[in-house]
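S.K.: Listed below are the residues making up each chain.
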Amino acid sequence: MTPSDLSGTAAFEGAIATATALAAASLPDAPLAMPEQRLEPVHPFGALRALLAAPRRRAEP
Amino acid sequence: MTATRPPVLLRTVAVLVPLVAGGGAAALFIQYSSAAGLTAWAWVSAALLTLSTAWLAWGAMLALIGLWPTPRVPPSAAPVRGRTCVLVPVCNEDPASTFARVAAMMAALRDAPATIHFAILSDSSRPEAVAGEAFWFTRLMAETGGEGRLFYRRRDRNTGRKAGNIADFFRRSGAAYDHAVILDADSLMEPGTILEMIRRMEAEPRLGLLQTLPVIVRAGSVFGRAMQFAAAFYSPVFARGLARLQGGAGPFWGHNAIVRTRAWAESCGLPELPGKPPFGGHILSHDIVEAAMLARAGWDVRVDPDLGGSYEEGPESLIEYAKRDRRWCQGNLQHSRVVTAAGLLGWSRLSMALGIVSYIAPVFWAGFLVAAVADRATLPPPDYFPDPHQFFPVFPSDETAKAIGLFLGIIGLLVMPKLLILIEAWATGRARSYGSMAGVALSGLFDLLLSSLIAPVMMAYQTRSVIQVLRGADGGWPPNRRGEARLTLGEAFEASHFIVALGLAGLFAAGHWGAGLLPWLLPVLLPMILAPVLIAWTSRPAASRALFATPEGRSLPPILAAHDAILARWTGMSDAAGTTSGSGTPAHA
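Going line by line, the protein sequences match chains A and B.
Each residue of the first sequence is one higher than the one before, counting from 1 in the numbering used here.
Each residue of the second sequence is one higher than the one before, counting from 62 in the numbering used here.
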């Protein structure tokens, strides 16, 4: 066995150790819903418009 | 769920006083300018001065409100019931140093009476950083025996950047935890602080987010140490002022904070803003928006400045600071698209608006200086004989006293808070932890001088940033170069030649059109002309350890010492503090 074989073995063992550690470290599987929030701008006269529209809607047959 | 009642009276005073100060400054300026005849430029100058002075006065108000100390809340000993995960998002950082921080915190929390896990959330893309993370994570796992409580996850695509990285954790694993401590790659927290944060969250079920005041540590350059001193010495008072005004709509600074998992998941799913960057796309400065969305959903968001043991690192040179500032500028200006979002609390809107103003204020100052010179250039020559039949000349009234009063008032707004904080530190004994009172006063004086020299240079950088963003240029998100500081004069010139050119142009313009203004403009123009020298000099390692001393610099906090010891052992270096650059990847990794 030559020194290069030895270093190759060490590198292989290192890679196996890394892969094992990473595999053992995956995040817990516990999903949580995180709905996307809305950030649409408020319309300054939106509330007033809604107020005015309401009686008209009620009056519709 | 009802949120904390806001301090309406204090908030009203805090908002009104700066507006009155701004109005007063404008009135004085108009009186001064009217002596020689009012031009349109004078009105423009007055408007810009109103906004600039109001901004300065807002800072002074925060200091005044935060001046009197808050009694420290004794740490709780209540049993911890919930499960917590400490999140460490990384993106092409030095893995050895970052993972040594995790090792230090895990070791310090080993016997803690709580379930606390750690998750390294990687968005790294550079092959050497990815390989380094794999190597050092193996070392970290072997050393801590962390199986089942230490996790590593890397995303191939960093959608949504840091906010997306954190959100990905919540969507995958959020249900496993009651709380999450959000850190940065350079964050360190004492175990007692983490436990106290969890206990405060458990004691107040309405609390959605609790922010600590991170202290900057490990600065080595002149610039870094000055910033570290200013942050340690002045920030607690400003943060206290902010805390007294926050009600339930406090700040989130993106890291060194704890969040309630359920509150975060149900309130903080960030949408993409319509349109292209810089105003559309992913929300860059997500933290302020997340704080506002939590408050909108009825959760309390709070900063507790009394929580110590919270650390971060800062930029070591003016260039690194300006680069970070460019990102923050774009992020804050992007908030103009969010500030009007439906349902946000008024204080959240004001916080966002103030964030925007903080980046526009230097543009106001620059605009004021340009308008003042333009005013002089367009001023009609004085008419000493307005009536052709008069015998004696009519001289314009001398309003110099008003100009001096205005100048002193503005300087007072800048200096007064720092002076009052110095007195507070002396009166409360806080100054003793910084060394002698004389040493603190000297550090304060040098900080004032240095910040006065740096301010015009930063004004130029920030003005350029605002113009770039308004022109639609996306600054992107360049990675931080933590720990790399020293710049040559050539490098400094390369990054600041436009500031030198602006300074020389200003000098020529003032000399040609407004010679009377020159003495007032020189304190601004000279630092601009000498910007490369200033940048290169302040990036050098500080010669004195006494100047700009901080309590953490004088006596290394235990968690920092633990980190240094681990990193020294890992990398085989005696001085771990100097190894924060590069990939930290060993040759064989």
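It should be emphasised that the hints constitute simulated quantities derived from the structure, not laboratory data.
Any given hint might turn out to be false.
[Stated by the list, open to error] With the Cβ distance kept under 10 Å, some of the chain B side facing chain A (calculated, not the full set): (1) Arg200; (2) Met354; (3) Leu578; (4) Leu579; (5) Leu582.
The C-beta atom is built at its ideal place from N, Cα and C for all residues, glycine as well.
S.K.: Does each hint fit the structure? Answer for all of them.
M.R.: Evaluation of the provided hints:
no. : hint   : result
1   : Arg200 : holds (9 Å)
2   : Met354 : holds (6 Å)
3   : Leu578 : violated (42 Å)
4   : Leu579 : violated (46 Å)
5   : Leu582 : violated (41 Å)
Hints 3, 4, 5, counting from the list given before, are not met by this structure.
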